[in-house]
Structure formats: C-alpha cells, structure tokens
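Trainee: Okay, here's what each chain looks like letter by letter:
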Amino acid sequence: GAVVSQHPSRVICKSGTSVKIECRSLDFQATTMFWYRQFPKKSLMLMATSNEGSKATYEQGVEKDKFLINHASLTLSTLTVTSAHPEDSSFYICSASQTGQGYNQPQHFGDGTRLSIL
Amino acid sequence: AQSVAQPEDQVNVAEGNPLTVKCTYSVSGNPYLFWYVQYPNRGLQFLLKYITGDNLVKGSYGFEAEFNKSQTSFHLKKPSALVSDSALYFCAVRDSRRGGGNKLTFGTGTQLKVEL
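The listed protein sequences correspond, in order, to chains X and V. For the first sequence, the working numbering gives the first residue as 1, with consecutive numbering after it. For the second sequence, the working numbering gives the first residue as 1001, with consecutive numbering after it.
Hints were generated in silico from the structure; no laboratory data involved. Accuracy of the hints is not assured; some may be wrong.
[Stated by the list, open to error] Taking lysine-lysine pairs in the DSBU-like style, the calculated list, with each CA pair at most 30 Å apart, reads: (1) V:K1069 <-> V:K1113; (2) X:K14 <-> X:K41; (3) V:K1022 <-> V:K1077; (4) V:K1077 <-> V:K1058; (5) V:K1103 <-> X:K64; (6) V:K1103 <-> V:K1022; (7) X:K64 <-> X:K41; (8) V:K1022 <-> X:K41; (9) X:K14 <-> X:K42; (10) X:K55 <-> V:K1103; (11) V:K1058 <-> X:K14; (12) V:K1058 <-> X:K20; (13) V:K1058 <-> X:K41; (14) X:K20 <-> X:K41; (15) V:K1103 <-> V:K1077; (16) V:K1069 <-> V:K1058; (17) X:K42 <-> V:K1049; (18) V:K1049 <-> X:K41; (19) V:K1049 <-> V:K1113; (20) X:K55 <-> X:K66; (21) V:K1022 <-> V:K1058; (22) V:K1022 <-> X:K42; (23) X:K42 <-> V:K1113; (24) X:K20 <-> V:K1103; (25) V:K1113 <-> X:K20; (26) V:K1077 <-> X:K42; (27) X:K14 <-> X:K66; (28) X:K55 <-> X:K14; (29) V:K1077 <-> X:K41; (30) X:K66 <-> V:K1103; (31) X:K20 <-> X:K64; (32) X:K66 <-> X:K42; (33) X:K20 <-> X:K55; (34) V:K1049 <-> V:K1022; (35) V:K1077 <-> X:K66; (36) X:K42 <-> V:K1069; (37) X:K41 <-> X:K66; (38) X:K64 <-> X:K14.
Work the whole structure out from these sequences, hints included.
Mentor: Structure follows, in structure tokens:
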C-alpha cells in the first residue's frame, strides 16, 4: 500500500519549454503533498508544500511563478516548470502524506523525474 | 528550527560486516525520526521510524536504528551488510509539535558502499 506514482520519469526538452510533472497517490488520499529538488549527490531541497484545494506554500527562495503547483484533487498534485532553462535541470521528487494520519507517519515518495533542459 | 546532520558523506563496509550510518538531530520539541534509502534515479524508500517507546527500532531489510536522546542521535545499523545495501541513505526529522507543519528536514545523505 501507500504507492505514489510520478510521471514522467524523464524529460528532455528545449530551453523555454514549460514542463508539467504529475504526482499521484494511487491507493490513498493525500491532502498534503511535497515537492523536492535534488542536485547530484546532494540532499533533498523542499521546494513547496502542496495543499489540496488551496494555494501551495513555497519555501524561501523558490520562485512561485517559475514553479507552478496545483493540487486539485486528493490524489493528484502537479508541478509545472515554466519557461525552463538549463539551470532548472535537476531531479524532482514528490511525496505525499496520507490524509488523516498524524505527523508520526512517513511520507511516501514517488520515483522522481529527471528533467534535462537543453 | 529543526536540523539533521549526517557527518559521513560515504561509508565503506565489507559484505558480512556490521554497518553503521550516523545521524544527529536538533528539534525544539520531541523528535519524530525517519530513515530512508534511495537507489540511483529512484525516489526514497522508507526504512524505519522512531516516534516513542523502545529506543531500538527495527525496520525493513534487516535494518535497525537506536534512538539516543542524550546524544540526540539516531544511528542506522545492520548486523551483516549485503552488497545490495549499497545506496544513499537519508536521515530525517520532524518536530512532534503540530505548529511546525508536516515538513521533514533531511540530512545531506550518506552513500553506503558494500564491497565483496
């Protein structure tokens, strides 16, 4: 149980393109989802907390207009990298917390999206 | 504020030997502590957690971790390492108080390499 599906797994596109990444909780409802960015051999950097039916909460230094987050249902959150540039190339990972469970429960992670901007 | 330190970038162990991956934390309230493992180009897999109770926590794949409140540590251990345990390991902490939100704070990760 507690499976999170992230799609696509890899994207290669030209500079200036907007890219949408989907994060789905397959067998549970997730009021809250999280978006992370991971640089090579580095830890995860939390970009934003996605809340179903409301605006996402962005971490300091993360551009809201650059990284658009939508959490329209209890099982789907999307991250859109707008007008992507080579410096946006990274590994993006989402995670989800099951609705109704307390803070003592683990987050469930997707398999990540490797974004490469040419 | 909450923080996690993983002092070792890499740990090398021979197969069959015990392994330890170190983690220390800092939170204002009581900690919820987690260990995750990441294989190349994959997301994180949950290994184990400490919430309360017994200081020795057992998790997946034979891993265990010991919570030490006085040393604010939560080291990951395994009695006998396997080559397949080679991966990137992350320690994470969350403050048990609800005011801080549901965010996890991760350490910088420790690359475990198990050799024959």
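Trainee: Against each hint, give a clear statement of whether it holds in the structure.
Mentor: Results for each hint:
Restraint check for V:K1069 and V:K1113: the C-alpha separation of about 28 Å stays at or below 30 Å, so the hint holds. With a CA separation close to 25 Å, the supplied pair X:K14 and X:K41 stays within the 30 Å bound. Pair hint V:K1022 plus V:K1077 holds up; C-alpha atoms about 9 Å apart against a cutoff of 30 Å. Restraint check: the Cα-Cα separation between V:K1077 and V:K1058 comes to about 10 Å, which is no more than 30 Å; the hinted pair holds.
Taking the CA atoms of V:K1103 and X:K64, the gap is near 18 Å; set against the 30 Å cutoff, the hint holds. Of the supplied pair hints, the one linking V:K1103 and V:K1022 holds, its CA atoms being roughly 22 Å apart against a limit of 30 Å. Restraint check for X:K64 and X:K41: satisfied, since their Cα atoms lie roughly 25 Å apart, inside the 30 Å limit. Only pairs whose Cα atoms come within 30 Å are accepted, and V:K1022 paired with X:K41 is accepted, the gap being roughly 17 Å.
Taking the CA atoms of X:K14 and X:K42, the gap is near 25 Å; set against the 30 Å cutoff, the hint holds. Distance restraint check for X:K55 and V:K1103: the Cα-Cα separation of roughly 16 Å lies within the 30 Å cut-off, and the hinted pair is therefore satisfied. Our distance criterion of 30 Å between C-alpha atoms is broken by V:K1058 and X:K14, whose separation comes to about 46 Å. Our distance criterion of 30 Å between C-alpha atoms is broken by V:K1058 and X:K20, whose separation comes to about 38 Å.
Our distance criterion of 30 Å between C-alpha atoms is met by V:K1058 and X:K41, whose separation comes to about 27 Å. For the given pair, X:K20 sits about 24 Å from X:K41 by alpha-carbon distance, which is consistent with the 30 Å threshold. At roughly 25 Å between alpha-carbon atoms, V:K1103 and V:K1077 fall within 30 Å of each other, so this suggested pair holds. For the proposed pair V:K1069 and V:K1058, the alpha carbon gap of about 17 Å is at most 30 Å, so the pair holds.
Taken as a hint, the X:K42 and V:K1049 pair is honoured in the structure, with Cα atoms around 22 Å apart against an allowance of 30 Å. Restraint check: the Cα-Cα separation between V:K1049 and X:K41 comes to about 23 Å, which is no more than 30 Å; the hinted pair holds. Distance check on the hinted pair: V:K1049 and V:K1113 sit about 23 Å apart at the alpha-carbon level, within 30 Å; holds. Distance hint between X:K55 and X:K66 is fulfilled; the C-alpha atoms sit about 15 Å from each other, no more than 30 Å.
Of the supplied pair hints, the one linking V:K1022 and V:K1058 holds, its CA atoms being roughly 16 Å apart against a limit of 30 Å. For the proposed pair V:K1022 and X:K42, the alpha carbon gap of about 17 Å is at most 30 Å, so the pair holds. For the hint linking X:K42 to V:K1113, the alpha-carbon distance of about 16 Å falls within 30 Å, and the restraint holds. For the suggested pair X:K20 and V:K1103, the alpha carbons sit about 23 Å apart, so the restraint of at most 30 Å is met.
As the CA atoms of V:K1113 and X:K20 are separated by approximately 35 Å, the hinted pair breaks the 30 Å bound. Straight-line distance between C-alpha atoms of V:K1077 and X:K42 comes to about 22 Å, which keeps the hinted pair within the 30 Å bound. A C-alpha spacing of about 16 Å is found between X:K14 and X:K66, which places the hinted pair at or below 30 Å, so the restraint holds. Between the alpha carbons of X:K55 and X:K14 the distance comes to roughly 29 Å, so the proposed pair stays at or under 30 Å and holds.
Only pairs whose Cα atoms come within 30 Å are accepted, and V:K1077 paired with X:K41 is accepted, the gap being roughly 22 Å. For the proposed pair X:K66 and V:K1103, the alpha carbon gap of about 22 Å is at most 30 Å, so the pair holds. Simply put, X:K20 and X:K64 have alpha-carbon atoms about 15 Å apart, close enough for the 30 Å limit, and the pair holds. At most 30 Å may separate the alpha-carbon atoms for a hinted pair to count; X:K66 and X:K42 meet this at roughly 22 Å.
Between X:K20 and X:K55 the alpha-carbon distance is near 17 Å, which keeps this suggested pair within the 30 Å criterion. For the proposed pair V:K1049 and V:K1022, the alpha carbon gap of about 15 Å is at most 30 Å, so the pair holds. Annotation: proposed proximity of V:K1077 to X:K66 is violated, straight-line Cα distance about 41 Å (limit 30 Å). With a C-alpha separation of about 27 Å, the suggested pair X:K42 and V:K1069 falls inside the 30 Å cut-off, and the hint holds.
For the suggested pair X:K41 and X:K66, the alpha carbons sit about 24 Å apart, so the restraint of at most 30 Å is met. Pair hint X:K64 plus X:K14 holds up; C-alpha atoms about 21 Å apart against a cutoff of 30 Å.
Hint compliance for this structure: hints 11, 12, 25 and 35 are not met, and every other hint is.
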